[in-house]
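Chemist: Sequence:
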Amino acid sequence: MQAPFSRTDIWLVLSQVPEGKVVTYGQLARMAGAPGYARVVGNILKQLPKGSGLPWHRVINCKGRISFPEDSVKYNEQKGLLEQEGVTFIAGKVSLNSYGWNGE
1 MQAPFSRTDI WLVLSQVPEG KVVTYGQLAR MAGAPGYARV VGNILKQLPK
51 GSGLPWHRVI NCKGRISFPE DSVKYNEQKG LLEQEGVTFI AGKVSLNSYG
101 WNGE
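The sequence shown runs 1 to 104 under UniProt numbering.
No lab work stands behind these hints: they were computed from the structure. Just so you know, not all the hints are guaranteed correct.
[Unchecked claim] In silico EDC-like cross-links for lysine to aspartate or glutamate, where the CA-CA straight-line distance does not exceed 16 angstroms:
| no. | residue 1 | residue 2 |
| --- | --- | --- |
| 1 | Lys-79 | Glu-104 |
| 2 | Lys-79 | Glu-19 |
| 3 | Lys-93 | Glu-83 |
| 4 | Lys-21 | Glu-104 |
| 5 | Lys-93 | Glu-70 |
| 6 | Lys-21 | Glu-85 |
| 7 | Lys-46 | Glu-77 |
| 8 | Lys-21 | Glu-83 |
| 9 | Lys-50 | Glu-77 |
Generate coordinates for the entire structure from the input sequences, incorporating the hints supplied.
Modeler: Listed below in structure tokens is the structure:
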């Protein structure tokens with residue numbers, strides 16, 4: 001099934017996520033006008049053009065966790081980038097109440 005948004009719709013919303021904030025895959029889909037398409041968002045992010053400069057690392061899952069396998073290279077890269085922005089992890093989770101971005 002085709003998602004009711006384009007890659008560029010997702011990229012545009014993603015480009016607006018401020019430093020030090022996170023958004024879930026589902027939130028990103030909703031903000032692009034397509035609730036329920038979190039997995040499609042994940043697939044779009046996997047295909048980001050190299051050197052795009054888009055803050056892919058600010059997207060986490062709905063449990064407040066990084067979706068890459070723990071201690072993988074990509075997990076450590078994403079965690080490091082978020083920590084550089086001041087995002088803290090407690091027991092491997094980010095507080096969505098503290099760091100979640102709602103589009104405003």
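Chemist: Now tell me, hint by hint, if it's right for this structure.
Modeler: Evaluated hints:
1. Lys-79 x Glu-104: Not OK: Lys-79 and Glu-104 at ~24 angstroms, beyond 16 angstroms, violated.
2. Lys-79 x Glu-19: Holds: Lys-79 and Glu-19 sit about 14 angstroms apart, inside 16 angstroms.
3. Lys-93 x Glu-83: Roughly 12 angstroms separates the two Cα atoms, so the pair holds.
4. Lys-21 x Glu-104: Holds, at about 11 angstroms.
5. Lys-93 x Glu-70: holds (11 angstroms)
6. Lys-21 x Glu-85: Given pair Lys-21, Glu-85 holds - Cα atoms ~8 angstroms apart, limit 16 angstroms.
7. Lys-46 x Glu-77: holds (14 angstroms)
8. Lys-21 x Glu-83: holds (11 angstroms)
9. Lys-50 x Glu-77: holds (15 angstroms)
Figure legend: structure checked against the earlier numbered hints; the only hint not met is number 1.
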